[in-house]
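Start from chain P and add chain R according to the hints.
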Amino acid sequence: MSAVGRPTPRIDAVSRVTGAARYAGDVRLPGMLFARVLRSPHPHARMLAIRTARALALPGVKGIITHQNCRVVWSSGDTRNTRYLFNNPVRFVGDAVAAVAATSVHIAEEALGLIEVEYERLPFLVDAEAALADGAVPIHEGGNLSRTDDGHLVPMAYRRGDVEEGFRASDRIFEDQYSSAHVNNAQMEPRVSVAAWEGDKLTVYASTQGISNCQRDLANDLELKPEQVRVVCEYMGGGFGNKNQCHDFDLMAAVLARETGAPVRLELTRKEDYIAVHGRWPTRQYYKVGVKADGTLQAIQLRGYSAMGPYRKGSGAISGTELYTCPHIETLVHPVYTNTAVAANYRAPAYPQGVFGIESLMDHIAHELKINPLDFRLKNATRKYQDKLPYTSYGLEECMRRGAEAFDWSGRWRAPASDTGIRKRGVGMAMGAFHSRVGRSSAVLRLDGSGRYWLHVGVTDVGTGAKTTMALIAAEALGVPVEKITVISGDTDRCPYSIGESGSRTTNFTGQAVIEAVRDLQRQIAEKGLPTGEGTIVGSATPEPRLEGAARYAFAAHFVEVEVDVELGHLRVLKYVAAHDSGRIVNPLTAVSQVKGGVTMGIGMALHEALHYDPWSGVPLNPGYYGARVMTHLDAPDVEVIFVETEDAHGPYGAKTLGEPPIIPSVAAIANAFFNATGRRIKDLPMSRERILEVLA
Amino acid sequence: MSDLTRRDFLQASAAGIAATALTPAAPGAAAAQAAAPRTRIRVAVNGAELVVDVEDRWTVAELLRDHLQLTGTKIGCDRGECGACTVLLDGSPIYACSYLAVWTSGRGLTTVEGLASGDRLDPLQEAFIAHDAPQCGFCTSGQLMTAKALLASTPQPTADEVRAALTGNLCRCSNYNRYVEAVLAAARTQRGADRGEDPR
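Residue numbers (our numbering), protein chains in the order written: chain P, -11 to 685; chain R, 382 to 581.
Don't read these hints as lab results, they were simulated from the structure.
In this text, all values refer to a predicted model and were calculated from it rather than measured experimentally.
All C-beta atoms, glycine included, are put in the ideal place defined by N, C-alpha and C.
Do not rely on the hints blindly, as some may be mistaken.
Said to hold, decoys possible - Quick partial rundown of chain P residues pointing at chain R, CB under 8 Å, derived from the structure:
#1 Ala8
#2 Ala9
#3 Val125
#4 Ala405
#5 Asp407
#6 Leu622
#7 Asp626
Just chain P, with the same shape it has in the complex (with noise of 0.2 Å):
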């Protein structure tokens, strides 16, 4: 290997550090109005007039939509129910109600304040059991519990063998709950649109982690030809889910757009971007676990509530059972609606929050039984997906013995609460695994007379460096350096299907495509020889890849040394390895930092972050970076990474995923760091001062 597996500066750095990167938000077009949006304050309530003369009299304001006016549907704004740009009745504190187009955002602010709006307020919910009980306010016609992908009026259920069997098969049983909070993506680039047309064809400059995607949806719902629509995403501001199709904002910027025959630049403020657009969704789990004195797991059941918001965005699924060998499984999720800000997608939407309940509950059994935390998970952890099918490529066991060798895990770990100072140190951690997937995308490659290679890939670089990971798997494959490649990326005029930066996908699906486009490129050389002069060669791939018989997973294991101060309530980390069997890593410099980055969002997630509401009113309490709490220099501590190249026959040279897997295990390691100091266990996340002092009361 000549470029993959060598650590090399991301391509585009330089622009990133002189302030060149051109964002979404910096596109300055002439004649361009701004726009803002009004919202709701109430949590539900039903719009009985809505009068904006006073508004559109105000100098300078070109254009205001509401849901009188614009009946335009945002289909991926809802994968349930029919939601518009607007909708009426308004269901959580932060529904969108108006639109405002002016000549400054000055002005379009003030335009704001003089819409007036009569509502009829109705009785609300945000919480996801409280939503379920008779009687409850339904948010939707049909009730609160959202559909199944088919249709029924279920919990997502997922079943193996027969848990009552196991129950009675079991030594001891173990029941307990754990909560998790609304935590936001809170990438630092706010949400932000500038939509423009020239005729009928409209340009669309995206903070997306999808071009592709989001002009599929433009198209979709403005009823346009997708090649009416360019999306543009030079550079974007960290994605972190739920990016990887069009945004409310988009839609109303171009109908805006089209309204006032002018340039529309749509930017959230971040109150608007924590309260209005999504967050990981809240969950409470309720588990039983059947396990043989030895240690042996017979059974695991959950019943989980996921609260969704009103609008059905992400799947609301509550993963982390999947990390264990057990004969029998039985998980019901129910994903409810809630007059509460929209959950859906952010980094391993599903994980973090369920593997903090099993990784804890794991953990309290080990403990009870008297085993090791680590030799209880070397003893139960998955082998096989499911206890079925074989992994394409395993390296989670190497990964807890590396991981715990680098941790010194048998030196540091000690009998829980074994400090009896004031700061009592503790060690703890968990495991995570995530599903790594192939598949449809495509890459173009041409080659012209200079010599130079030009890669047209559909990539958005949302942070991971991928445009810089395509230009090595090209530069692999062609066996040429670098710098002899140019990445064309981020907008849909000029690049192939891409399949989008979600779900950890990139680097697997479309790094494949470059490798399928260099070989076609390559076959065509063959034939025909070397472009000269004026001459160009054109490769192109959308290969399909798929995997039968097999799964493919990620893995990794966690381990963290704490220290809590027992009178004030304060965790700190004082020590952190995280190994990952990532299959190959292509490119080891921005590889190290996605974990360290995923692992401190982690962190973050486990002991402050939350959005708050409060019950009285519906009205979210917190939103912001410093309500919210989000990690800063002063609370992020050094992470030590490892990676378990474990060999795995699919993906571009072996490339498993990475993006997502490092927020998984950490928020449970922290947790069961946290009881092996204190001998208590926190089951409600954040792991706030307030919970740290509660419970050790």
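Here is chain R on its own, set in the frame of chain P:
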């Protein structure tokens, strides 16, 4: 002049020329602008002296991004929580979203566009690239400017001093380890350069 292009501005900067009077305006906003009071300020931006008629309500971030086309300064929260908009005012970091443009009158602003000299990157920029500090890159300008001020006052900081100085600069990619590594590496390079050593 009703508008100023980025190219004009950069040429002006490069030439280090004397004051240019500007009345930037959002096109077509004349009616509402009448109601918004303006003040003429003289401010040096990346070394170029400018005279600008600013609306009193404009923040420094607004002046830079919307009226001087210096979009390298980012707005993450627009309320002084995230530090993405950090620029230097007479060498000290400020949150440009929370500082009015009129207050900069008679003073000097440095933005990320002013860090490199020509094609020659600042040692901090070099170190940020080598240590993969920017992931999505949106917080990077702010991290750079705060780090620039830190190294000016504390040329050889410890890791803890770097964390303390940068803690008002959030990074949601949470690449904090890398930022600290990069600043420490830049400090080492700077020390080498001060001693006349070749940093490479």
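Results of checking the hints against the structure:
Against a cut-off of 8 Å between C-beta atoms, the interface hint on Ala8 of chain P holds, since the closest Cβ of chain R lies about 7 Å away. Interface restraint check: Ala9 of chain P against chain R, minimum CB-CB distance 6 Å, threshold 8 Å, status holds. With a cut of 8 Å, the hint placing Val125 of chain P at the interface with chain R is violated, because the nearest CB-to-CB distance is about 34 Å. With a least beta-carbon distance of about 29 Å to chain R, the hint placing Ala405 of chain P at the interface is violated under the 8 Å criterion.
Look at Asp407 of chain P: its Cβ only gets to about 24 Å from chain R, farther than 8 Å, so that hint breaks. Contact between Leu622 of chain P and chain R, as hinted, is supported at the beta carbon level, the nearest pair being about 4 Å apart and thus within 8 Å. Given hint, Asp626 of chain P at the interface with chain R, holds; its Cβ is 6 Å from that chain's nearest Cβ, closer than 8 Å.
Going down the numbered hints, you'll see the structure goes against 3, 4, 5, while the others check out.
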